[in-house]
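Peer 1: One-letter residues, chain by chain:
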Amino acid sequence: MRPFESFEPPAAARVNYLNAQYGIKSWLLTKDHKRIALLYLGSISLFFLIGGLYAMFIRLELLTPQGDLLSSATYNKVFTQHGIIMVFFFLIPSIPATLGNFLVPMMIGAKDLAFPRINLLSWYIYLLGGIVTIYALLAGGVDTGWTFYVPYSTTFSNTYVIATGLGIFINGFSSILTGLNFIVTIHTMRAPGMTWFRMPLFIWSHYATSLIMILGTPVIAITILLLAFERLAQVGIFNPALGGDPILFQHLFWFYSHPAVYIMVLPGMGIISEIIANFSRKNIFGYSFVAFSSLAIAVFGFLVWGHHLFVAGQSVYAGMIFSFLSFAVAIPSAIKVFNWTATLYKGSISYDTPMLYALGFIGLFTVGGMTGLFLASLGTNVHLSDTYFVVGHFHYIMVGGTLLAYLGGLHYWWPKITGRMYPEGWGRFSALVVFIGFNLTFLPQMAVGYMGMPRRYHAYLPEFQVFNVLSTAGASILGVGLLIPLVYLLWSMRYGKRAEPNPWHLPGLEWRTVSPPPTENFVVTPVVTWEAYEFAPPEETEVVGKFKEREGLEDADVVIGGHPPK
Amino acid sequence: MQAPWIPFIPPSASTLSDKVDALYFYLSGVTLFFALLISTVIIFFVIKYRRRSPYEIPRPVAGSHKLETLWSVIPFLIAMTMFLWGAQVYFQMYRSPENAVEVYVVGKQWMWKMQHSTGQREINTLHVPAGRRVKLIMTSEDVIHDLFLPAFRIKSDVLPGRYTTQWFEATKPGTYHLFCAEYCGMNHSGMIGSVIVMNPTEFDDWLAGNAAQQSPVVAGQQLYESLGCASCHGGKGEGGRGPGIVGLFGKQVQLSNGQTVTADEGYIRESIENPQAKIVTGYSPIMPTFQGQVTPEQLIQILSFIKSLQAPGQQAPAAAPQPAQRTQALEQTGNPAVNR
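Protein sequence lines correspond, in order, to chains A and B. If you count the first sequence from 1, position 428 lands on 428 in my numbering, and the numbers rise without skipping. If you count the second sequence from 1, position 217 lands on 217 in my numbering, and the numbers rise without skipping.
No lab work stands behind these hints: they were computed from the structure. We put the CB at the ideal spot given by N, CA and C, even for glycine. Some hints here could point you the wrong way.
Stated by the list, open to error - So, partial list: chain A residues that the calculated Cβ filter (under 7 angstroms) puts toward chain B: (1) N158; (2) T159; (3) H258; (4) G286; (5) F338; (6) S348; (7) P501; (8) W504.
Claimed, not checked - Short, incomplete list of chain B residues facing chain A, as computed with Cβ under 7 angstroms: (9) P11; (10) A22; (11) L23; (12) E56; (13) P60; (14) L77; (15) M82; (16) L84; (17) Y90; (18) F179; (19) P275; (20) A277; (21) T281.
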């Protein structure tokens, strides 16, 4: 195996982005996309811990049918705040703001994002939004559900709706700025030779995500403003008692919040494309189909919000159209799943931790996506909406999908980010624990949903208990599975084995510089002469179109040569 | 149809519930098939093509348009069967039957108030006959609620300032759950109750045994008089300075702006609470608003009274106009207050 052409600086001059400067000021005023990524990593991890703590209280309360651990008012705040923290302060920024921030410039051979100062600004805005929201939670919390449905949120709730809304409103601008930065960077900062169709699929998925961020986020900002007007000034927008229309709120809310689901999952899909291709040492099967399916999801994702309103009093014909479009948006996701699977075919598949997470993702995302069809289908939606089936379904997408991808990505790029290896054995073990714990948590929720248990219930009927006990048991396992990486990743930052520039032996640009990279990423501007995921140069390989034509080529599948990777 | 060996299925007790279950089984089967297919293929590949040597580089495999087309088109076709089947079941849920027993439901934090058209009132409990169609006409006094009857596989949001309807025909006597499914504040999980399905004869006995409180029609008539409606709309609803209300319900009404609307629950409610919104052609906009003066329950009583006033020889109108008509009304007026 020949070594990939490297753009790393000479060994003598290895000042990296971590040791280039010291002191708190050098971090708080940094314009380096990699340092900002780490600032984000720290802050979203903190929010994830808070959100996880709320989840723990939810599962403990639901261990018994009686509402005995928390009061109803407290329980309602706990599930609301779990949702708000996890959606707005963890899931939406999770992958783009950390791994995306770190990798988008590196993968396209740029020295930084197009607007480094705006990048730092977006982190401060995120922090400000987070602080305002935390203030709201400490001051007394909010109990409207993360969906803020009116007129409950505008007229009836006595909790900190405005303060929480302000936090989310502010936070939205950080999303917009990140999206803007990515789009401009991807358009203008690609290294020579890095054509659109040579870009890693991670970049394509971030491009699609950025489009949604820029186009969708203003709508939630407007919606929160209108909600605040009505709540503060009694302007009749949503409340029918004031002449408003409560369904209007739901339309506006979901016009952002459904595409937001794709903000959460598209970057995850990008990570999975990277891991599947790289850990099979194969080019991705159907590159352009995977790339364009990201854009298709971004576009169609804006046309399906009405499937949240099938039982809300929307007209039957609107229901039909939204149902049809919701089925249509499932196709690009299916295309991705099939292409990932086909990429494994005749690959050289490693069982490293990132790959375990990626394989887990495909399985769980398939279940998450297919259970979405139960909700897209009008006849079953009526029975299932607002039940635990919905809760199970979207956790399959957001935890089984986004969180697994995020963890897989974190392990994958950990050597590049920190310059240290994580302990592989612990990594594989925790990936397995997460997978088992996750399924045990959320499969019973889908079952109890069809049995008829409504969501957001503080107390429930005894006949639903067995499912909830299973779910709580699973959540405990999942919690342990998430704490293990927290411990060993922190440990590895000091004690882990030093990482080589390219520990996985991969062709991507980010692996062609030292680990951790220097502040400017590459000492010389890289010139890209290879396709994405090109492990062996074309003259050493034979491109064959169809599966069956591969028959009889068994012996020629492996190219051995060059020097072995460590 | 419910097969006893299939686990995790709630009691199935309406004409629609088996249809929903059948669709659910189909979706579950397809999901199971694809989940197993994908995971089997992945596990097979992962074992068969595991990395045997750290030096190996597999040959690249080029994409195949044929395969891409295949795995786009087949899932799409399967998805379309789900869509069409789902839409067909939904249409049956949506289409309000004629000659249904009507029950008025008012949701408020955190209880359900029901009233039968014969006057009996219930709270958090609903007695219904098996084998007869029951139509629930629902509204809320405060926030959005949702009346969810899992054994019948139906639910519908219950909105303030608007009427929504849903219907069912229970098939098996028994006691079934009734939930609020839209989060409505502190005691949301306590806003539950039961539906008691009885044999029709038992139900008739139950109705007879429960001394009907004043029927909503009579109560509505009293309100009609006490609120002074009669002074303009006529003592018997024959009309005067205001348009007549005899035989009004379900009829097409010509408005002064040239539009036509169907006089359904939503229109009549609006005309009481916000009379200036739609003026019947030939009349002046002189009616004062009654917003805040009549409760949602009183509105329902006035509605029942208006519905009871049928022109001589006129058939009792269909319980609600048909979907097509209503959509037409919706388009014409832009009034979203007429749904399901």
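Peer 1: Now look at each hint and say whether the structure bears it out.
Peer 2: Outcome of the hint check:
1. N158: violated (10 angstroms)
2. T159: violated (10 angstroms)
3. H258: violated (18 angstroms)
4. G286: holds (4 angstroms)
5. F338: holds (4 angstroms)
6. S348: holds (5 angstroms)
7. P501: Status violated, d = 17 angstroms.
8. W504: Violated. Min distance 11 angstroms.
9. P11: violated (9 angstroms)
10. A22: violated (9 angstroms)
11. L23: holds (5 angstroms)
12. E56: holds (4 angstroms)
13. P60: Check passed: Cβ of P60(B) comes within 4 angstroms of chain A, closer than 7 angstroms.
14. L77: violated (10 angstroms)
15. M82: Since chain A brings a Cβ to about 5 angstroms from M82(B), closer than 7 angstroms, the hint holds.
16. L84: violated (9 angstroms)
17. Y90: holds (3 angstroms)
18. F179: Status holds, d = 5 angstroms.
19. P275: violated (14 angstroms)
20. A277: violated (10 angstroms)
21. T281: violated (24 angstroms)
Checked against the numbered hints given earlier, this structure breaks hints 1, 2, 3, 7, 8, 9, 10, 14, 16, 19, 20, 21; the rest are met.
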